Structures are given as structure tokens and as C-alpha cells.
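Whole structure, please, built from the sequences with the hints as guidance.
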Amino acid sequence: MGIRQLFTLRIGILLRLTMIFVVFSGITASNGQTVKPASFILGDSLVDPGNNNYILTLAKSNFRPNGLDFPQGPTGRFCNGRTTADFIVQMMGLPFPPPYLSKETQGPAILQGINYASAAAGILDSTGFNYIGRISLNKQLTYLENTKAQFAQLIGEAKTGEVFAKSLWSVIIGSNDYINNYLLTGSATSRQYTPQQYQDLLISEFKKQLRTLYGLGARKIVVFGVGPLGCIPSQLYNQRSPDGSCIQFVNSYVRGFNAASKILLKQLTASLPGSNFVYANVYDLIASYVSSPAQFGKRSLPTFLRSSVVKHVMGFTEVNKGCCGGGPYNGLIPCLPTVRTCPDRAAYLFWDPFHPTDKANGLLAREFFHGGKDVMDPINFQQLFSMP
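In UniProt numbering, the protein residues as written are 1 to 388.
In case anyone wonders, no lab produced these hints; they're calculated from the structure. Predicted model, so just to flag it, every value in this text is computed and none were measured. Glycine is no exception: its CB is placed at the ideal position from the N, C-alpha and C atoms. Keep in mind that a hint or two might mislead.
[To be verified] Cβ pair distances, simulated, as ranges: (1) G156 with Q248: 51 to 57 Å; (2) P343 with Q267: 45 to 51 Å; (3) G372 with A165: 24 to 30 Å; (4) L336 with T269: 40 to 46 Å; (5) G93 with G274: 21 to 27 Å; (6) G107 with G73: 23 to 29 Å; (7) G93 with L56: 33 to 39 Å.
[Stated by the list, open to error] Restricting the straight-line Cα-Cα distance to at most 25 Å, the calculated cross-link-like pairs of lysine to any residue (SDA-like) are: (8) K148 with K373; (9) K159 with G215; (10) K262 with K159; (11) K207 with T142; (12) K373 with P293.
Structure below.
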């Protein structure tokens, strides 16, 4: 690279960093308090930071071996370390949004953002009934209404609207509507709806929920597509994959839902003034890790994003088996205290029957933050953060 090209590159980086600083330099409330735009997260176990610790449910992970590579240990995250959302907020220099149901998430603490996600949650209220307790997306939106009222008490309604509009909103939902609803053995929804009818039902309800989120003041909204569920260990076990290859009919359901979601987001952006709905292409990224595992991780993560377990291991060697679990593909038994973990966590794409490892989440987050339209459509996280 020549001196001129190097100088141009450095100027470009400096300008991007300056834009981010301007956006996140803060909003001054009427009481003189500076409130920065924050990160708000709604979703399921892929990003649950511990909300399910506070409800009666079978979907819990606040015990080891979960959290082996997380600084605070087992917090309720379904991972050995950080979720994809954790990595993204770290890349922005923001704190982890605390779980909504925590006793400490009140008063000024809420101004740093909140995570409402709940394991087993779905777009449909009935999704996840097999785990007893869960906080559906509709309920999470009700909690968000409470949060908005609390914000208004702290900084006033006008500043609340400004903070909400400038903050980032991530929605990670939909997986459970298949694996813990439509695909369950004896599922009532699979008897009631064809796959296309069920997809239409999900999209119709999802549209209402995203419009509600917009109505509450969210403007920068990233919706994560559903990953290739036919490749996760639980489905390899449940659908009896003979050789560890992905279950194609399951993946076809997901691809249909994702395609419809992407169309929905474009329609919402076009019809809702000031909105920016962005689609994160989870499916293709994880599918590429499954099909070409050795290629990924060769570009090491920045030092501050690494955990000790991923520093020196490149690529994946296990992509159809959970690191922590039991049964075929470790897809039958979840990651419980009595279950032994794999000896090399960084070699695994999946932590347990359902969720990616810390390493996989870090790789996903890097792509979502910097990637092109094949990953984030129409813009990536960094560009969305930089928008005024």
C-alpha cells in the first residue's frame, strides 16, 4: 500500500470514528444530565442475559458449565461466553444492557439500555409452552412501555423520544416459533397450518410487533434473521440425521420465513417516516461456517474481543455437535451441571444443542458490524450507529 493510499485510509477511519463520537456524545436532559444513546435488545435465548433467572421456567442457564469464559461466570447466558449482542455493544464501547427483570435495573441504571430477551420466547405467545415460563415478544414490548414511562420520569418525555430515536434496537426472535412450536412432536400448530400458512401467521404478527416498537420511539432497528435450524444439534437429533448433515426441510421453512421478513422490513422502512429497519443475514453466515468450517477464524479477533479460549485456535473442527450436551450430536441433553464439556471449546461452532459458542458469536458480530449488503441490508451496524 502506497503512502497516499495509507493516508486516505487513515483519514477515512478518523472520519468514521468522529461520526460515531458525535452520535454518542450524549443528549443533555432538562436536569443537566447527559444521556447517551444506548442499546436495547429484544429476543430469545440467543441474547438472553439472565431474564429467565427471575421467572419460573425450565429454560435456565445460570449455572456452570455455562459462562466458563464469561468474566462474571454463569449469568443466565446460554453460552460459554458472550452472545452476539454482547460483542456488538463491546465494539461500540457501550456497557452490556442489563436484564430487565433484575432488581438493579431501575433508576438511572436504565439509561444505559436494557435487554428484555427471554429464553424460549417467540413471536407467538404460545411458543415455548413446553418450557413453562418465558417472556414472549409481546410481553417484552409491554415491558418496554414501562421503560419508556420510567425514562420520561428521569429525563422528560422530549429527551426520552430523542434518546429512543438515536439508540440502537436489536430484535432476535423466530427460532423458537419453529423448534419450540411448529416442529415439536405432536404440535397443534403443525396440524392446524401448512408451512406457508404458519409463515404467513408469523409474519402478520411480527409486522404488528415491529410497528409497535416503532410506535414506542425506536427508529434504528436491526432484525436478525433466523439461522439454519436444520443444522443445529437438537434438530440433527430430533429429526434423526443419519450422518450429521443438515435437515433440509427444516432449513426450507427458515429460508421462507427469512425471505418474507426481509421484504417486510423494506416495506416498513418505506412506510414509517424516519425508520431504518436493517436485516442481519444470520442464515448464510452460519451455513457458511457449517459448509467450510476451517476457513473461519483465521483473521483473529481484536484483542479486547478475545477470550482466553479463542486466542490461538483458528477455524472450526466440529460443526454438527454441541460442545456441552448429551445424546447423538450432543443434541438431546442440554448443558447441565452434570454434563462434561468438550476439551477444546474454540473448535466448536455450537456450545449446546441450540446456541453458538463465544467464538462463533464473536465472528458473527464482526461481520454484522463491518459487513456488506450480503450480511447486513441495507447498512451494517457501524453505519447505522454513525447515523445522526
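When the hints from earlier in the document are held up against this structure, which numbers fail? When the structure is compared with the hints, numbers 8 and 10 turn out to be violated.
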